[in-house]
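**Q** Sequence:
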Amino acid sequence: MTDSKQIPDADERLRALDPAQSFIVQAPAGSGKTALLIQRYLRLLAYVDAPEEIVAITFTRKAAAEMRTRVLAVLEMGGQLADAETAHEKLNRELSAAVLQRDRKAGWHIAENPERLRIQTIDSLCAALTRQMPVLSKFGAQPETIEDAADFYRQAAQATLDSIEQNHAMALDIVRLLEHLDNDRARIEALLADMLARRDHWLRHLHGKAREELESALQNSRQNALQFVFRLFPAELFSELLALLRYAAANLTAAGKSSAITLGNALDTLSATEAGQWQGIAELLLTQKGGWRKRISEKEGFPTGSSKTEKGEAKAWKNRLENLLETLAPHDTLRQVLHDTRQLPPPHYSDQQWEILGAITRLLPYAVAQLKVIFQASGKVDFSEVAQRALLALGDPESPTDLALALDYRIKHLMIDEFQDISISQFTLIEKLITGWEAGDGRSFFAVGDPMQSIYRFREAEVGLFLQARNAGIGSLTLQPLTLRANFRSQRGIIDWVNTTFARIMPDCEDVATGAVVYAPSIATHDQLAGDAVKIYPFLEKDEAAEARQVVEIIAQTRRDHATGTIAILVRNRSHLLEIIEQIKSAGFRFRAIDIELLHHKPVVQDLLTLTRALINPADAVAWFALLRAPWCGLLLKDITALAENNPGLLNKEITVWRLISDEHCWRGVSADAMVRLRRIREVLSACMRNRQRQALRVTVETVWYALGGPGCLSPVAENNAGDTNRLDDAMIYLDYLESQEEAGNIQDPVSFENGLTALYASPDLDADDTLQIMTIHKAKGLEFDTVIVPGLGRGSRNRDKQLLKWMEQPHSLVASESGAGLPDLLLAPIQETGAAFDPIYTWVEKLDWDKAQFEADRLLYVAATRAKKFLHLLGHINGVSEESGQAVPSKPLSGSLLDRLWLAVLPAYSAAAVSHFMLKNNQLEGGAKKIIGNDASDQSIHRLKTGWVLPGAPEPVAWQVLHEQKTIQAEIEFSWASEMARHVGNVVHRWLQKIAEDQMCDWNIARIEMMRERFTQNLMAGGMNGSQSEMTYAVERIVSALNNAISDKRGQWILGPQQSAQNELKISGIANGRSMSWIIDRTFCDSNGIRWIIDYKTSSHEGSALEDFLGREQSRYQHQLNHYAKLMQQIDPRPIKLGIYFPLINGWREW
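Residue numbering for the sequence shown follows this note's numbering, starting at 543 and increasing by one per position.
Heads up, some of the hints might be wrong.
PhoX-like mimics (lysine-lysine), calculated; alpha carbons at most 25 Å apart, straight line [what the hints assert, rightly or not]:
(1) LYS853 <-> LYS1084
(2) LYS604 <-> LYS647
(3) LYS841 <-> LYS853
(4) LYS922 <-> LYS1434
(5) LYS604 <-> LYS1592
(6) LYS1195 <-> LYS1180
(7) LYS841 <-> LYS860
(8) LYS1592 <-> LYS647
With beta-carbon atoms standing in for the labels, derived distance ranges [claimed, not checked]:
(9) ARG1132 <-> PRO1382: 53 to 59 Å
(10) LYS604 <-> ALA911: 33 to 39 Å
(11) GLU1095 <-> PRO872: 33 to 39 Å
Don't read these hints as lab results, they were simulated from the structure. Heads up, the beta-carbon is just placed ideally off N, CA and C, and yes, glycines get one too.
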């Protein structure tokens, strides 16, 4: 890092370390936010009486683990002087030395007890609160928290609507909602489920809300919009505007014309509360589409006049309006908000709107109650439920619970990272935690974040809360605002472009209600590099293939110029990558793409899904014909057509396709080649169809797939073994998912099954290094790369679905308080009736949501651009070029696209491209340029197995191979030597060790484990253990003992605690004895010395003496298995590898 004397914001950074002060820090991209956060934490550690007095909160486990690791790494310096020490390193050394001195004096022993550092996620904090007060939080025994609760929401929605059949009190409201939405129960069910997923935002507002209160929120929203436009309009132009408005209104009134402009008659002053006058101003200054007027006519109240005097006067007035419009032209935000006044909602609900709103607001709490019942029955909850129960556990500011009072005593310093991503419920939790805190009372609050990087609205993040806290504090605590300016990431060329561009496209002034954030410029600390720091690639029409080719060319050129540099391709949506990924693969570039390629897009998975659908439903003709077309059979379209047309019973469903395959008399008209293929398929499927209900569905599908030759169809031309392995991994992912979803050998809900499949991702290329990565912009936040490529800027965003209730929670009312304090308003609009054309309130709330989405799109662009350290490439298309007055004019980008938000900054590049295109087009006219049209004939060439293909024979003897050769390398050595109880205990211990490791040991202690005995009993029973009460008690005791040992033992803490590149239950695949196989690694990570550890958990026990001999025998028993893991891992990670076996029941350890 640059020397402190050269850092432009060095004073702010030092000031932020004052433990007696509370701050909110805006830290733009690349400003060293995490480093500042760690320095503040270290400063506080040397200041407090106990480490637990400091609570540092992050939003992800990864961030919490990184912060904990970096804190411990700084402390490991031990205050030692380093060679060529920078100012940053010197400060870290001084801070760590002070902490170590305090550590020795107070006897903390942080190095031996890192769990005393309370660095945790906000979700884990909520969970800890509910555990400490199980009665007040109404949780009782701690449930399992799950990330995807969609099935529970759907069940609750179904249970709510089922109440109509039970003559429930809710029946009338359900009937009213059905009538409103054309009796579409499926749609209502989906709408209810969606609302339950977002209940954090609206639930607390629905209890006892009177019509007057909700209508007051509507009126406040109107006034917010009016005050916003009033503030934006240049005050020095008020008098001129009033004169023009009165002139136009008088002319229109005299002519008997109806217009909003006539409201300007006799207007003496402009008001921030009169909607009509601003709508009249909008009518005067703007076109119907919202642009500044270019043509002024009698229609706007500016007649041409008849006499010479009148004409002269009219022209003078018209010139005055033109001058005013010219002055206002640069004020784009003013133009937009002035146009918005035309859409202001009415101040009151209609009776019909209120009736359906009442029905919905009564149904929703009932649906929430149904959801709680389902949570209780399942022993699982979502994160929202944990957060709501945590708020209950803390009570109210006026009547805090004992827990709140205890926390107020114990927590002296609260720190929050990424504060711009906080949600309203999380903000409420923070308010309760610091209730009563005041400046100078020995307690401090420290929030750091960047509102310009707030891009998680889909997770309920509310950037307005950052602005509100900065402007008005939190509760009674005033926060001192600081803004960092130094950028330690990007070269000067990128910083200059970002400063110029985003100062132009981001809003002119901030607004808490809409989440408008003003750009804060950065100062580069790296010199400018040779060449163009930022390149724009304008495409004048949509051509995904051409754009993808350009991306490949950029990669190739970058590799030639900067062979070791890192490259990232960042996109708004994964769907923007389909063509790009195909062309990158064709060009031979290997890349990392985690959670990018959707599993259901893979041909092997589509074929397996087809096979699954056919096997579970012989009447599914589409699936069966697709099966015949799949590569393992490969019938041509003419043969499939012959089968269908020559068997009319198929069309009226008298016979199935399987019956047709089974009977050769039905094969009239098919080719000889097709007959050979059909006989092979029939032979394989016959046994399967006879035994279909006698084995698990996964076993059936996998067996048939192998027998049909599925693995042999994975690739027509295998570029390398890694490609085949990846495709096999994709097949295994599908089969594992199928196994997890089947019930009694079947799929009970095929629609839900296929919906779940669409959420899974294909296996990434783990052999590729990290020099070329592909990800979404959201995933890239917090990362940096030498070169960043952002394609697809011209593509639109996803369409937003209609919601049962459209709501918008505005963090404060400008009317209630100019400072931003006060309770948030909730705007509620019921979904419009099916067939209705327009609902003004719903449209207004939808418009506010659209505005917030567009402001977030600006911030998304900022995040993408600021990932680049050296070079930034931007690609996007428009929809053609037009000719105006002999000039080539590029069309505007698609509304809602990122290019639309960036348009003013890149317009020169597109204009230049349009001129070049225009000249080239004119030059080609005489040459008769022709458009090449492809052949319309269908391409029937398909990839398929050869006619007469047979499955290769298995090595002999197969059974003996499994028992002897395979035993040494199989993923899990069976517990055949152990009791059934030991196997069940081992499974449960493995599961909970995985959970503890995923939590980085945060909030895990002996007391918590002791409270979970009932959960362990349920785990054992769910796993199939059917023992006596005494046996069950003994098994639970062993689980408790193993887990307590693991979290108390130093070796266990090292294994389960924060580590770099840590993964749990890692599934790896490879070829063994000529077969594709998969294995599970219990725990793997990299230590501070760069060594990759592979660790296996064993719940073996030993009674008596000679423990070392026992551990030695166990090592010999499993050594070959772990050595095999190491060989597979070396294909993925070149770092040196060490192996270990951990025995939690006996605190045993072996490594080699």
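**Q** All the hints need checking, so say for each whether the structure fits it.
**A** The hints, checked one at a time:
no., hint, verdict
1, LYS853 <-> LYS1084, "violated, 49 Å"
2, LYS604 <-> LYS647, "violated, 32 Å"
3, LYS841 <-> LYS853, "holds, 16 Å"
4, LYS922 <-> LYS1434, "violated, 49 Å"
5, LYS604 <-> LYS1592, "holds, 22 Å"
6, LYS1195 <-> LYS1180, "holds, 21 Å"
7, LYS841 <-> LYS860, "holds, 13 Å"
8, LYS1592 <-> LYS647, "holds, 23 Å"
9, ARG1132 <-> PRO1382: 53 to 59 Å, "holds, 54 Å"
10, LYS604 <-> ALA911: 33 to 39 Å, "holds, 35 Å"
11, GLU1095 <-> PRO872: 33 to 39 Å, "holds, 37 Å"
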